[in-house]
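A.B. asks: Residue strings, one per chain:
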Amino acid sequence: MSELLIISVETLVEALRPYADLLLPLIFLGFFFLSTLAIIFSDRKYIKKSYVSGFLVVLLLFQTIMPLYITPFINWHKFSSERPAESAGYEVHIVDESGNEIQLDRKATLAFNGVASIPSEQMVTNNSNETNQEIAQWILKRTSEYRAEVERGEPTRGAVPSDVWNLPHRLYRFPAHSVGAWTADELSGFSEFIGIRIYYVQTETSSDGSQIVSQSEELVLEIYPEKSPDNSTEVA
Amino acid sequence: MFVNYFADDERTSPINLAIARAILGIWLIWKTVMYDWRLFVEVPFHQTPEFAWAVPPVAPGLILTVEKWILIGLLIGFVLGYRIQFTAGVSAFLLAHLGTVRATQLTSGETESLFIGVYFLIFFALFSETDVLSVDSLRRTKHESLDTLRSRLESGAASYRMPALKWSLVVIALIYFGSGFDKIFHSGILNPTLEFATSENIARITTSYRSDGPLQFVTENSILMRMGGIGTLVLELGFLIAVLVGITITPVIVGLFGFTVSNVLLLGIHFVDVYVILLLFAAWDLGYERIVRVRQIDVVFDERCQFCMRSLVPFAILDINNTVTFLPQSEAPDPYSQRNDVDFERVMYVFHNGNSYEGYYAFRELLRQYRCFFPVVWFMGLSFVEDFGNRIYRYVAENRGTKFTCRVE
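Residue numbers (the working numbering), protein chains in the order written: chain A, 376 to 611; chain B, 79 to 487.
It is possible that some hints are incorrect.
SDA-like cross-link-like pairs, simulated, lysine to any residue; straight-line CA separation at most 25 Å [claimed, not checked]:
1) A/Lys453 <-> B/Gly346
2) B/Lys220 <-> B/Tyr471
3) A/Lys453 <-> A/Leu436
4) A/Lys423 <-> B/Val213
5) A/Lys516 <-> B/Pro138
6) A/Lys453 <-> B/Glu298
7) A/Lys453 <-> B/Ser300
8) A/Lys516 <-> B/Asp114
9) A/Lys516 <-> A/Tyr599
Honestly, the hints are just simulated from the structure, not real lab data.
Could you put together the complete structure from these sequences and hints?
C.D. replies: Put into C-alpha cells, the structure is as follows:
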C-alpha cells in the first residue's frame, strides 16, 4: 500500500515535471496566500487548527515520501546514501602566472557567509567554451578579490571556528558553514591568479573507511581566460 | 533546561515567548544582513535552475538588496513585538523569497534553515495574541478599563500559553525525524536499511570530508563509529517521539548539540543555525527566576490614571516571583501615606526597607528589581542621564492628564 502510494507520488511528480516553471512559483505563492488568509482570519473558529494541521501534514509528506525540495518546503536529508569505498569527484585549482596552483577556497566564490560548488562536471562535459570562459573569469575575479582581503587580514566571509580565537572581532558576521580557509601565509608564494584547472579525483578508502588508501588526480580541463579568447583546453 | 511545549504549552511567565521572539528575529537579522546580493547575482550559473523563477528579471541586485533591508526593518519590529501579525507575516514571505533565490546557488543546510525561520515566523504571526510581553500587548492596554488594569497590577499569579513555540517545536522535531527517516528508507519504504549506521559508512563519511581532521583517529575505532551512527538515528528519530509522547526533550537537545559539535570536529561542517534554533525552546524563565531579586518592594500607583497603570503592566508581567506589590494610592498603608516626604498625587513611589523612591528614581528601582536590566539601571544612574530623565519624568507626570492620554476618572 505504502509502496503504491510512493509510486503514485513519483509518477505524479514525473508527469508534472515539464510544468515545473509554472508549478513551483504557484506552490510558493499558494502557500503564502493560504498563510496570509490564516493569519488575517486567525481569530475565527477552526482557522488556526485547520491551518496548522494542513501545514504539518504537508511538511510530513515532504520529510518522508515526497522526493522533492520545493520552497518553502524543505528537508534535512543529509548523508542518507551509503558511501562507497571508491568515489570520484572534481576539484578546482587556481593557477598563478608561474604555473603554481592552489585548491579553490570555496568561500571565495560567493559574497556571503557560505560556500557554493562550482559546476565542474558541467564545465567538463559541456561544449560551450563561452560559458566555461565566463565561469572561469568569474572564479578568477572572485578569488583575486578574496585573496586580497585574506592578505589584508579582513576576508569578507563568515568567521570560521579558528577565527573565534584568532579574529574574535569578526564574529559580527554569521559563522560560515565550513572550516577550511586560505591563509595569508599560504597565499604569499603565489603571483597573480590567471587560470583554473579542474581535476577528476578518484579516491579509494580502506575497508573500515578510516583511511584513504589511494587517490589519483587527473587534469581534465584548464582555462586561462586572460591569455586569449579561446584557450579552454580539454586535457583528457 | 528545555521545555516540551507539546506536552504543556502553558507557563507561569511569558518570558520564554518574548526571548524566543528576540532570538528568532536577531538570528535572522544576523544571518541575512551580510548577504551581498549584488555580488550574488553576478554568479554566471545556477546550481539549481528550478528556483531561477524567483530571481527578479530586472535589476535583481538592486531589488534583492532593497528587499533585504525591508526584511531587516520588519524583523526589528518583530523583535520588539510591534504589529507582530504584519511584521512576522511579511518577514516570512520576504525571507522565503530571498531563501528561494539563494537556493539557486546553494541548497545546503544553511539555506534550508532560512525556511525553518519562515515556519516559525508564521506561527508567531498566527498566535500573536498570546505574546503579552510585546509592544502590541502594551498597545492593547490602551483599550482596557481602569478596573482591568488595576486588577492586572494587583493580581499576582497568571499563566501564559505559547502555541507558537509548541508548533515550532513540532516542526523542528519533524524535520529531524525526516532526516532520520530518509537514512533508513533511502532505498524505498519497503527496503529499510541500517547501512548508514555501519562503522565503515560513518568512518568513510568522516574520511571523505576531512581526512586531516583533529579527530580523524576515532574513525579507526569501529565501536565508536557504530555508536555515532546509531546515536545519530536515535537523536533524529527520537526527538519527534519525545515531543509527541510528552517526555523531557532535554537529553535529545543536548545530544543534538553534541552531534552538531562533532560535525565541526569530524567533518568540518559548522552548522551554527542548529544552536540558535534549539535555544528557542530553552527554559529561559527558570534562569530569569533565579536572576530576579528576592527583596520585596512596594509600588504605590495612581489607580485613577490609565497612563500610569499602563506603564506598570510590563513590570507586573515580569514579576514572576511576586516580589513586587502594587498598591493603589487610595489603599496605601499608613506608614507610607503619612510620611512627610511623599505626595501620591504628584508621582509614583517605590518603597523598600523604609526608603522611598519617587518618580524617575522609582522606575530605576523597579528596573533594578529585574537584574537583567542592569545596563539600563547603570545608564540611568549617570548624572547627566539622571538630570535629563528626571526632567522628562516630571514633565510627563505634570502633563499626564493633557498630553499623554491619561484618563483620570
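A.B. asks: Now tell me if each hint is right for this structure.
C.D. replies: Structure-based check of all given hints:
1. A/Lys453 <-> B/Gly346: Holds. A/Lys453 to B/Gly346 sits at ~15 Å (cutoff 25 Å).
2. B/Lys220 <-> B/Tyr471: 20 Å, holds
3. A/Lys453 <-> A/Leu436: 17 Å, holds
4. A/Lys423 <-> B/Val213: 23 Å, holds
5. A/Lys516 <-> B/Pro138: Given pair A/Lys516, B/Pro138 holds - Cα atoms ~20 Å apart, limit 25 Å.
6. A/Lys453 <-> B/Glu298: The given pair, whose Cα atoms are some 23 Å apart, holds under the 25 Å limit.
7. A/Lys453 <-> B/Ser300: 21 Å, holds
8. A/Lys516 <-> B/Asp114: 16 Å, holds
9. A/Lys516 <-> A/Tyr599: This hinted pair holds, its Cα atoms lying about 12 Å apart.
Checked against the numbered hints above, the structure breaks none of them.
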